[in-house]
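*Asks:* Sequence:
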Amino acid sequence: MDSAHRAQNLAAHRASGSQGSVPGDYVTLRYDIAAIEAEKFGPALRDRIAAIRAEEKGSGESGQELVIFTALRPGDGGVMTVAQADLAPPASGPFIKGRIRKRAMCSEPLTGVAYGIDAFFVEQGRGRALEQAPEGKGRLEMEVALGKDGTAMLTGYRWPEPDTQKARRRQPAEDKRPEQRP
Numbered sequence: 000m001d002s003a004h005r006a007q008n009l010a011a012h013r014a015s016g017s018q019g020s021v022p023g024d025y026v027t028l029r030y031d032i033a034a035i036e037a038e039k040f041g042p043a044l045r046d047r048i049a050a051i052r053a054e055e056k057g058s059g060e061s062g063q064e065l066v067i068f069t070a071l072r073p074g075d076g077g078v079m080t081v082a083q084a085d086l087a088p089p090a091s092g093p094f095i096k097g098r099i100r101k102r103a104m105c106s107e108p109l110t111g112v113a114y115g116i117d118a119f120f121v122e123q124g125r126g127r128a129l130e131q132a133p134e135g136k137g138r139l140e141m142e143v144a145l146g147k148d149g150t151a152m153l154t155g156y157r158w159p160e161p162d163t164q165k166a167r168r169r170q171p172a173e174d175k176r177p178e179q180r181p
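Numbering that gives the first Met the number 0 applies: residue 0 is where the sequence shown begins, and numbers increase by one.
Hints are computed from structural coordinates only; laboratory data are not their basis.
Fair warning: there could be bad hints in the mix.
Unchecked claim - Heads up, simulated DSBU-like pairs for lysine-lysine below, C-alpha to C-alpha not over 35 Å straight-line:
hint, residue 1, residue 2
1, K136, K39
2, K39, K147
3, K147, K96
4, K147, K136
Stated by the list, open to error - Pairwise CB distance ranges, derived in the manner of DEER restraints:
hint, residue 1, residue 2, range
5, I51, A128, 23 to 31 Å
6, A49, E122, 20 to 28 Å
7, E160, R52, 39 to 47 Å
8, G155, R52, 34 to 42 Å
9, A128, A43, 28 to 36 Å
10, A49, R157, 37 to 45 Å
11, D75, G146, 19 to 27 Å
12, P133, E107, 31 to 39 Å
13, G135, A50, 47 to 55 Å
14, C105, E130, 27 to 35 Å
15, D46, E160, 42 to 50 Å
16, E64, D31, 15 to 23 Å
17, A43, T110, 13 to 21 Å
Only a predicted model underlies this, so the values are computations on that prediction, with no experimental measurement involved.
By construction, the Cβ of each residue, glycine as well, lies at the ideal position given by its N, Cα and C atoms.
Take the sequences, apply the hints, and build the full model.
*Replies:* In structure tokens form, the structure reads like this:
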């Protein structure tokens, strides 16, 4: 893995208790980048999805997967968001390789994109702590290392500190005009 980029998750839920003889918890993760709006489809992906939707209409087949490459860009707080998704890696910038089942291609936005980082193994009993954000913290952020081919590997997690600048911006501005006299 050559670089690290963060991807923001939607929710973390403890899924199961152990793996073989190693006690621990799996935390299942869902990411914002797992749903891709149609306006972020690259031309090849847009054409392929249209063709699949046309040939699949009424057939109910869902066994095949499509490999996609999601170009990433920094969003709020440096958390990566979708810039564009297509069938080939972008020429430059960070990207993550994902898979989508044909059945999921019928939805708008495109949902259920799997990036291979949808589960995180932690010490037994620690998974429950990841289910809920500590008071005053935002959503759980996962640290992700990306290989040159877009393969992702989870390297850690963190609870972001509250952004006091954003909180200040949301408050109405104080009226500083001089008082008018009749």
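*Asks:* Hint by hint, say whether it matches the structure.
*Replies:* Each hint tested on the structure:
no.: 1; hint: K136 / K39; in the structure: holds, 30 Å
no.: 2; hint: K39 / K147; in the structure: holds, 22 Å
no.: 3; hint: K147 / K96; in the structure: holds, 10 Å
no.: 4; hint: K147 / K136; in the structure: holds, 32 Å
no.: 5; hint: I51 / A128: 23 to 31 Å; in the structure: violated, 41 Å
no.: 6; hint: A49 / E122: 20 to 28 Å; in the structure: violated, 46 Å
no.: 7; hint: E160 / R52: 39 to 47 Å; in the structure: holds, 43 Å
no.: 8; hint: G155 / R52: 34 to 42 Å; in the structure: holds, 38 Å
no.: 9; hint: A128 / A43: 28 to 36 Å; in the structure: violated, 42 Å
no.: 10; hint: A49 / R157: 37 to 45 Å; in the structure: holds, 40 Å
no.: 11; hint: D75 / G146: 19 to 27 Å; in the structure: holds, 25 Å
no.: 12; hint: P133 / E107: 31 to 39 Å; in the structure: holds, 35 Å
no.: 13; hint: G135 / A50: 47 to 55 Å; in the structure: holds, 48 Å
no.: 14; hint: C105 / E130: 27 to 35 Å; in the structure: holds, 31 Å
no.: 15; hint: D46 / E160: 42 to 50 Å; in the structure: holds, 43 Å
no.: 16; hint: E64 / D31: 15 to 23 Å; in the structure: holds, 21 Å
no.: 17; hint: A43 / T110: 13 to 21 Å; in the structure: holds, 20 Å
Checked against the numbered hints given earlier, the structure breaks hints 5, 6 and 9 and satisfies all the rest.
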